[in-house]
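Engineer: The primary structure of each chain is shown beneath.
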Amino acid sequence: MSAAPLLVVDDIHAAYQSGVDILQGMSLSVPVGGFVLVIGPNGAGKSTLLKTVFGLLEPHRGKIALGDQAIGGLAPHEIKRLGVSYVPQELNTFPHLTVEENLRVGGWTIRHDAKRLRARMARIYEIFPVLAERRRDKAGSLSGGQGRMLSVAREMITEPRLMLVDEPTVGLAPNLADQVYELLQTARRAIPTTILLVYQNVSDALRHAEDVVMMNLGTVKAAGPVGQFGEDRVRELIQECLLG
Amino acid sequence: MSAAFKFPPSFHRSTIAILVAAALMMLAPLVTGDFGLHVLTISLYYVILAASWNLLAGYMGQFSLAHHAFAAVGAYTSGLLGYYLGASAWIGIPAGVAMAALFGLVLGRLVLRMRSIYLAIATWAFAETVHIYLTADYQFTRGELGLMVKPLYGNVDPLPYYFTFLALTVVVLIGLRALIDSPLGYFMRAIKDDELRAKSLGIDTTKVKITIFSISSAIAGLAGAFYGHFIVLLSPQMVDFSEMAKIVIMVVIGGFGSFLGPIIGAAPVQIVMTYLQSYGEWNLAMFALIVMVLMRFSMEGLASLFTPLWRWIWKRHA
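From first to last, the protein sequence lines stand for chains A and B.
This note's numbering puts the first residue of the first sequence at 1, with every later residue one more than the last.
This note's numbering puts the first residue of the second sequence at 1001, with every later residue one more than the last.
Mixed in with the good hints there might be a few duds.
Claimed, not checked - What the simulated footprint calls covered on chain A by chain B, stretch by stretch (three residues with Cβ under 8 Å from a Cβ of chain B suffice, anywhere in the stretch; the number is not a length):
no., stretch
1, 80-90
2, 195-203
What the hints assert, rightly or not - With a cut-off of at most 25 Å between alpha-carbon atoms, the simulated DSS-like pairs for lysine-lysine come out as follows:
no., chain 1, residue 1, chain 2, residue 2
3, A, Lys-221, A, Lys-63
4, B, Lys-1006, A, Lys-138
5, B, Lys-1006, B, Lys-1150
6, A, Lys-115, B, Lys-1315
7, A, Lys-138, B, Lys-1315
8, B, Lys-1192, B, Lys-1006
9, B, Lys-1199, A, Lys-63
10, B, Lys-1315, B, Lys-1006
11, A, Lys-115, B, Lys-1199
12, A, Lys-138, B, Lys-1150
13, A, Lys-115, B, Lys-1006
14, A, Lys-138, B, Lys-1199
15, B, Lys-1192, B, Lys-1207
Since the hints were derived computationally from the structure, they do not count as laboratory data.
Glycine included, every Cβ here is placed at the ideal spot set by N, Cα and C.
All chains should be built: construct the whole structure from the sequences, respecting the hints.
Structural biologist: Shown next, in the form of structure tokens:
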């Protein structure tokens, strides 16, 4: 991780219930333009990490910084305005709004800049022609893959500096999983943006990431460039996590 | 909000439908007498109230129980200005709208952070406060004695009032449709779908809710102010809970959350209630029963009967 960090998470502790910390001194650093993959067994605190960075959960200890600004304790909409997007695990489109309305809703922070909004809508439709075709359809009528595409595309409208993506292929057919990675890579090149991805299906995800952070019990188990995470090593690490 | 924005076909289609329906309604004086026109005029008042409440409850998911109170704020503002200062309706009505919007803004700031049931209770408490005030401070508001309001046109011939309310309804409905299809409209609908999700997109949901609440209150105030100059005698009865119940019944029978719902729900309910008036409160109980049965089987109401026809018409012109 040589480039200047965009996101620095330093020794954070966070809990859904006071006294039961899910994150127990978690630290990581995401370089500008990087693609960092967070892996780890179930319950390691991967999703909680993303929620905490996005302000959905407040850390009671430690620091989170975006560039040189501290963002720990800010509300999600404030963090969003600083250029951070969050794509949660569950499908997060608005089913009763049309595809176009969903995209426009994603553009709240640039709603007064008509020119920019128009240009970005056009760009999104260029990148994802399927969405252009279905722009007048309700998002609820899209297939799982298209819905996922819409969630990611909607986050791209604001051209975020950092995209937090949580298990983007949950509930999708295996052949669609590859398409989702394509989608994220497209977003990364097109904007360009930085990606912090949480994922369980390790072998799939490793092909796409640049850096890997392995979590266990709310803290870092191992971290480094993707080259250090061969299949054998990952298997060993996971065994260590599970068997103690 | 944004120049990149173009109204979708739904807006143009609805506008055409509203204008066609209004043109047909203009023929009503040919087939009905003064009493019929009077009932239709009052029905149009309820169309405006029901449609603007549906904006809040049906489109944004904010179940307010103070809509009738905002109508009363509009009516009493204009009525009192005329009674004490001799102000004309053309000053009183805008003042009534402004006052209702202001009350909406203040109440909205206080209650719109609350969730569903708390919001309903808080708005209901506000409405009851208005009711009690209008009754108790009778030296100023004339309470149950009734506040005399100057008629809009110097007489009480129902024809000009009917056309006035028809024009007002057309303007309000087209305005509401434009709002629903506008950027503010889809932010509002996104809040109904999932407020937390909307927040995580950076949307200032409280601001959107307060704006819509004030607009909806202002429309209720507008309807109320015109209504006052039509019925010429105001009483705190206007803020009786049965009035709110009536609005809810109209929307649910017509179709909750659909644009057409309150428009086609209001008149039948008002007409049937007018003819069942001799049964007093039983009138409301009967409608409550219909609402319960409807909610049990379908929330789509009468409007759903028109959906196939609507699709068929526009398919041919797509």
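Engineer: Against each hint, give a clear statement of whether it holds in the structure.
Structural biologist: Each hint tested on the structure:
1. Only when three residues or more bring their CB closer than 8 Å to a CB of chain B does the claim for the stretch 80-90 of chain A stand; here the count is 4, and the claim holds.
2. Counting residues of the stretch 195-203 of chain A whose CB falls under 8 Å from any CB of chain B gives 0; the rule of at least 3 is not met.
3. Simply put, Lys-221(A) and Lys-63(A) have alpha-carbon atoms about 19 Å apart, close enough for the 25 Å limit, and the pair holds.
4. Distance hint between Lys-1006(B) and Lys-138(A) is fulfilled; the C-alpha atoms sit about 17 Å from each other, no more than 25 Å.
5. Between Lys-1006(B) and Lys-1150(B) the CA atoms are separated by roughly 43 Å; this puts the pair beyond 25 Å, and the hint is violated.
6. For the hint pairing Lys-115(A) with Lys-1315(B), the CA-to-CA distance comes to about 33 Å; that exceeds 25 Å, so the pair is violated.
7. Proposed proximity of Lys-138(A) and Lys-1315(B) is supported: the alpha carbons are some 17 Å apart, at most 25 Å.
8. For a cut-off of 25 Å, the pair hint linking Lys-1192(B) to Lys-1006(B) stands: about 22 Å separates their Cα positions.
9. For the given pair, Lys-1199(B) sits about 23 Å from Lys-63(A) by alpha-carbon distance, which is consistent with the 25 Å threshold.
10. Proximity of Lys-1315(B) to Lys-1006(B) is assessed by CA-CA distance (about 21 Å); at most 25 Å being required, the pair is judged to hold.
11. Between the alpha carbons of Lys-115(A) and Lys-1199(B) the distance comes to roughly 24 Å, so the proposed pair stays at or under 25 Å and holds.
12. A C-alpha spacing of about 49 Å is found between Lys-138(A) and Lys-1150(B), which places the hinted pair above 25 Å, so the restraint is violated.
13. Restraint check: the Cα-Cα separation between Lys-115(A) and Lys-1006(B) comes to about 13 Å, which is no more than 25 Å; the hinted pair holds.
14. Only pairs whose Cα atoms come within 25 Å are accepted, and Lys-138(A) paired with Lys-1199(B) is accepted, the gap being roughly 21 Å.
15. Between the alpha carbons of Lys-1192(B) and Lys-1207(B) the distance comes to roughly 14 Å, so the proposed pair stays at or under 25 Å and holds.
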